[in-house]
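> Listed below, chain by chain, are the residues.
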Amino acid sequence: MIYLFDYATLKVIWWAVVGLLLVGFAILDGWDLGIGVLLPFVGRTDGERRVMLNSVGPTWEGNQVWFITAGGATFAAWPLVYATGFSGFYVALIIVLFALILRPVGFDYRSKIADPRWRNAWDWGLFINGLVPSLVFGVAFGNLLLGVPFHFDADQRVFYTGSFFELLNPFALLAGAVSLAMLVMHGGVYLQLRTEGAVQARAIVAARLGGIVLLATFVAAGLWIAKGIDGYQIVSMPPADSAFMPVAKTVERLPSGWLHNYSKHPWTAIAPLAAVGATVLALILSAMSRALPAFILSCIAVASVVLTAGFALFPFIMPSSSTPGHSLTVWDSVSSHKTLQVMFWSVPIFVPIIIVYTSWVYRVMRGTMTEERVRDGGPSMY
Amino acid sequence: MDADVVALSRLQFAVTALYHFLFVPLTLGLSWILVIMESVYVMTGRQVYKDMTKFWGKLFGINFAMGVATGITMEFQFGTNWAYFSHYVGDIFGTPLALEGLMAFFLEATFVGLFFFGWDRIGKVQHLLVTFLVALGSNLSALWILIANAWMQNPVGAEFNPDTMRMELTSFTDLIFNPIAGPKFVHTLAAGYVAASMFVLGISSYYLLKLRDMSFAVRSFAVAAGFGVASVLSVLVLGDESGYTTGDVQKVKLAAIEAEWETEHPPASFTAFGFPDQDEQKTRYAIKIPWLMGIIATRSVDTPVIGIKELKKHHEERIRNGMKAYAALQKIKSGDRSPAAIHDFDLLKGDLGYGLLLKKYTPAVVDATPEQIRAAVDDTIPRVAPIFWSFRIMVALGMWFLFVFGAAFVIVARRRLANNQWILRLALYSIPLPWVAMELGWIVAEYGRQPWTISEVLPTHLSVSSVTTGQLLFSLGGFVVFYTALLIVDLYLMFKYARIGPSSLATGRYHDEVQPA
Numbered sequence: 001m002i003y004l005f006d007y008a009t010l011k012v013i014w015w016a017v018v019g020l021l022l023v024g025f026a027i028l029d030g031w032d033l034g035i036g037v038l039l040p041f042v043g044r045t046d047g048e049r050r051v052m053l054n055s056v057g058p059t060w061e062g063n064q065v066w067f068i069t070a071g072g073a074t075f076a077a078w079p080l081v082y083a084t085g086f087s088g089f090y091v092a093l094i095i096v097l098f099a100l101i102l103r104p105v106g107f108d109y110r111s112k113i114a115d116p117r118w119r120n121a122w123d124w125g126l127f128i129n130g131l132v133p134s135l136v137f138g139v140a141f142g143n144l145l146l147g148v149p150f151h152f153d154a155d156q157r158v159f160y161t162g163s164f165f166e167l168l169n170p171f172a173l174l175a176g177a178v179s180l181a182m183l184v185m186h187g188g189v190y191l192q193l194r195t196e197g198a199v200q201a202r203a204i205v206a207a208r209l210g211g212i213v214l215l216a217t218f219v220a221a222g223l224w225i226a227k228g229i230d231g232y233q234i235v236s237m238p239p240a241d242s243a244f245m246p247v248a249k250t251v252e253r254l255p256s257g258w259l260h261n262y263s264k265h266p267w268t269a270i271a272p273l274a275a276v277g278a279t280v281l282a283l284i285l286s287a288m289s290r291a292l293p294a295f296i297l298s299c300i301a302v303a304s305v306v307l308t309a310g311f312a313l314f315p316f317i318m319p320s321s322s323t324p325g326h327s328l329t330v331w332d333s334v335s336s337h338k339t340l341q342v343m344f345w346s347v348p349i350f351v352p353i354i355i356v357y358t359s360w361v362y363r364v365m366r367g368t369m370t371e372e373r374v375r376d377g378g379p380s381m382y
Numbered sequence: 001m002d003a004d005v006v007a008l009s010r011l012q013f014a015v016t017a018l019y020h021f022l023f024v025p026l027t028l029g030l031s032w033i034l035v036i037m038e039s040v041y042v043m044t045g046r047q048v049y050k051d052m053t054k055f056w057g058k059l060f061g062i063n064f065a066m067g068v069a070t071g072i073t074m075e076f077q078f079g080t081n082w083a084y085f086s087h088y089v090g091d092i093f094g095t096p097l098a099l100e101g102l103m104a105f106f107l108e109a110t111f112v113g114l115f116f117f118g119w120d121r122i123g124k125v126q127h128l129l130v131t132f133l134v135a136l137g138s139n140l141s142a143l144w145i146l147i148a149n150a151w152m153q154n155p156v157g158a159e160f161n162p163d164t165m166r167m168e169l170t171s172f173t174d175l176i177f178n179p180i181a182g183p184k185f186v187h188t189l190a191a192g193y194v195a196a197s198m199f200v201l202g203i204s205s206y207y208l209l210k211l212r213d214m215s216f217a218v219r220s221f222a223v224a225a226g227f228g229v230a231s232v233l234s235v236l237v238l239g240d241e242s243g244y245t246t247g248d249v250q251k252v253k254l255a256a257i258e259a260e261w262e263t264e265h266p267p268a269s270f271t272a273f274g275f276p277d278q279d280e281q282k283t284r285y286a287i288k289i290p291w292l293m294g295i296i297a298t299r300s301v302d303t304p305v306i307g308i309k310e311l312k313k314h315h316e317e318r319i320r321n322g323m324k325a326y327a328a329l330q331k332i333k334s335g336d337r338s339p340a341a342i343h344d345f346d347l348l349k350g351d352l353g354y355g356l357l358l359k360k361y362t363p364a365v366v367d368a369t370p371e372q373i374r375a376a377v378d379d380t381i382p383r384v385a386p387i388f389w390s391f392r393i394m395v396a397l398g399m400w401f402l403f404v405f406g407a408a409f410v411i412v413a414r415r416r417l418a419n420n421q422w423i424l425r426l427a428l429y430s431i432p433l434p435w436v437a438m439e440l441g442w443i444v445a446e447y448g449r450q451p452w453t454i455s456e457v458l459p460t461h462l463s464v465s466s467v468t469t470g471q472l473l474f475s476l477g478g479f480v481v482f483y484t485a486l487l488i489v490d491l492y493l494m495f496k497y498a499r500i501g502p503s504s505l506a507t508g509r510y511h512d513e514v515q516p517a
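As you go down the protein sequences, you meet chains A and B in turn.
Counting from 1, one number per residue, gives the positions in the first sequence under our numbering.
Counting from 1, one number per residue, gives the positions in the second sequence under our numbering.
Just so you know, these hints were derived from the structure itself, not from any lab.
Keep in mind that the hints are not guaranteed to be accurate.
To list a few chain B residues with every Cβ distance to chain A over 12 angstroms, as calculated [said to hold, decoys possible]:
hint, residue
1, Ser39
2, Asn139
3, Ala158
4, Pro179
5, Val218
6, Arg284
Restraint ranges, calculated between C-beta atoms of paired labels, are given here [unchecked claim]:
hint, chain 1, residue 1, chain 2, residue 2, range
7, B, Leu11, A, Trp124, 44 to 50 angstroms
8, B, Leu11, A, Thr368, 38 to 44 angstroms
9, B, Arg121, A, Ala198, 35 to 41 angstroms
No residue lacks a Cβ here, since even glycine has one placed at the ideal position from N, Cα and C.
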C-alpha cells in the first residue's frame, strides 16, 4: 500500500473533494432545479414548457449524479457525517427524497400522454422537484452554521435531539431563501442562453428577480453571521495526523466565530466577494442580452456562495449545538487513512473523464431549443 | 434498540429495495438487447433494426426513470435509517458506493440522454457506442453494488479498530475480489438478462398472436430467444455457486435453504420437498434425493454438509468468546492500552460480533445469563420456512425459463413460429415470472443473512438509526403511498406503449398507421 499523502493532508483533500462534488452539483443540477421552479411561471403554454424541459432534456440525468455521487463520497470519506446528517435531518431528507423521485418520472412521463390534466399535474410535480431541494439544501446549510443538537454515546452511536420544526428557524429559512433565489437566477440565466422569444423574455425577468433577492438575502445572512450567530472553534484535539473520535476534542462557541477563517486567511474572502460581484455582473450582462458571459458568471456566483459557507465552517462539517465537543470536523469524522488514500485515486482518474464526456454531450446537444425543434424531434421529445 | 424501530426499518428497507429491484433488471438486460439490435442495424443498415432499437428503447426509458428514481432512495437510506451501520462499516462499505457513482452511474446517466435525443446529431457508429456505454455503465453499477452486498455476506479485508470503534479497511483487493462477489455478480446480472429477454419475447409474442408488425416482432422474438437461452444458462450453471462453501453465515443460509437440521453425512442428500418446523427443528414429510446435496454444496461426495443444530453449537461457543472479546474491548476503551490488553482483544475480536448479539438482551453483554445466551443462539438461525420455499420456487422458475427460452429458440431458428402458437402464449404469460424469481432470490440472500446486517460482525438490531417510530411511520407510509401511485403510472404507460407497439414511433410503417403516400 503506497501512501501518497499523510493522513492530515488527505483529510483536507477529502474536504475539497466533497466540496468539489457539491459545487458541481450546485452548478450543474442547479439550473435543472431552477428551471423546475420556473416551469409553471415562465412557461405559460404546453409548448413553452416543453421548450424549457427539452432545454435540459438530454443532460439533467447526468447532472443529478453529482448529488448521488456527493452522497456516496460522503458515505465513503465521512461515514459519521453521512450517518449523523441523514438520520438527524430524517424528515427533511425523506421529503427531499420524495421531491427528487419526482424528477426522473416527471421528465420521462409528462409528455407521453397529451391530456392537459396529466401534463399539468406533472408540471407541478416538477415544480415541487425544483422547489423543495432548493429550499431544503439552503435550510440545511443554515442549520449547519447554527449547529444542530446531537451527541454520541460510548459506542459511538449518534443521538439527534432536535425536531424537524426546529430546523425551520428564521436564520435557516433565510439561508433557504439564499439558495432558492440563487437557483432561480441560475435557471433563468440558463434559459436565457438556451431559448428564445417569450420564454427567454420571462426567464430574463425571473433571473433578475432571483439575482436581486439573492444579493439581499446573501448580504443579510452575512451580517447575521457576523453579528448575531456564534461560530465554533476547536480548543484542543489529538494530532490531526492521528485517528480519533469526535468526542476526543474540546470545542468552544464564540461570537463572530465563523469569521475566524476569513480574518486568518484573508484570501478566502474571495468567495463572498465573488458571490456578490459575480451576481451583480451576471445581472448586468443578462440585462444587456449577453447570455453566455452572464451564464458563466452565474456559475461562478453559485460556486462562490457554496464556498462561502464551506470556508466559514472549515474545519467543521456539522457542529453540535448541544455538546460542542462532539461536533463533526474534517479531522475526526473521516474514514481511515487507507480508505482515504485508496479512494483518492478515483478522483484524478474519473473526474476528468466525467468532465470530458459531459462536455461532449453538451456540445452535441447544443443550440437554441425552440417549439419547432421540439415538434421536429417527434415522439421521443420530453 | 427499540424493537419497533428495528422492525419498521427492516420493513422499509425490504419494501424499497425489492421495489427498486423491479426496475433494475430491465435496465441491466434491455440495454444489452438494445446494443445487439443497434449493432445489427449498424452492420446491415436495415431500418427495421433501428426501429426495434428505438421502440424497445422507449420501453427501456419508461422503466429506466423508475430505476433511477427508486435508486436515489437506496443511496440515502443507509444514512437515514441505518446510521449505526453507516458509522460502523462506512469505511469499507461506502467505498464501492462512491466508486459506483464516479465510475458507473455518471457514465450511464450522462449517455442515456444522448441515446434518446442524439439519433440525428451523431453518426450511426457513435450512437451505437453511446448505447454500449449506457449498457456498460448500468452493468458496472451493478458490479459495485454487488461488491458492497457481497461484503455484507462475507466481510473480508477489514478489521475492528478500537480507536475509532468501527470496522476499517485492511485490503481493498480483498474487498473487490471477495469470493462471494463474482458468482453473485454473474448470477444477478444474468437474472436481469433473463427478465429483459422474457419481456421482449413476451411482448413480441403479443404482436405475433395479433398477426401485426410481423417482421418487426419476429426479429425481436429471435433476438430475445437467443439472448434468453444464453442468459438462463448463465443463471443456472454459473450462477448460484454464490460461495456456498465460504463463511459460516453462508453455511447457515445453506442449511436454511435445505431445512437441514442435522448434519448430513457424506454424500449428503437433498430435501426436495417438505414442511420445515422451526420449533421442533425438523422437516415434516421430507422427500429426499440421495447424494444431490453433497454434490451441489461441496462439489464432492465425501464432505459433510453441516446442519442447523450443529451450527448452533458453534455459534454458542462464538457468543461466549464474543463476551470475552467485548470485555477486552471495554478494558481498552477505559484507557488500558497495554500490549497485553490489546493482545487479549486481538485474539478474540473475530467473535466480537457474536458478543454484540447479546446486546438485544443485556446492554452490558458480559453479564448475560445462560437463558439470554440461548436466546441469542436461537437468533443466529433465521426463519427457515420462507428461505426454504423462496429458494425452491426460484429454482423451479429458473427451470421453467430454460424450457421457454429453449423451445422459443429452437422454434424460431427452424422458422416454425406459425405452427407453434403455444410458445407465443407461454412467453406472453411468463413475462411477470422472472420478477417473481428475482425477488425471491433477494429474499433468500438477505433474509437468509439474518440476524446480521454484516455477517458475524454487526447484528441487525444494532444497525439502525436513533429515530422514532413516528418518523418511521411517516416515511414508510409515504413510501407505500407514493410508490404505489408510481407503480400504477409506470404499468399504465408500459401497457399503453407495449400495446401501441412500434406505431408509437410515428414512422408510418407500422400497424394501424396511415401509410405515407
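> Hints first: check each against the structure and report whether it holds.
Right, here's what the structure says about each hint:
1. Ser39: holds (20 angstroms)
2. Asn139: Its Cβ never comes within 12 angstroms of chain A, the nearest being 16 angstroms, so this holds.
3. Ala158: violated (10 angstroms)
4. Pro179: Given that every Cβ of chain A is farther than 12 angstroms from that of Pro179 of chain B, nearest at about 20 angstroms, it holds.
5. Val218: holds (24 angstroms)
6. Arg284: holds (43 angstroms)
7. B:Leu11 - A:Trp124: 44 to 50 angstroms: Taking Cβ atoms as reference, Leu11 of chain B and Trp124 of chain A lie about 31 angstroms apart, which means the hint is violated.
8. B:Leu11 - A:Thr368: 38 to 44 angstroms: violated (50 angstroms)
9. B:Arg121 - A:Ala198: 35 to 41 angstroms: violated (26 angstroms)
Of the numbered hints listed earlier, those contradicted by the structure are 3, 7, 8, 9.
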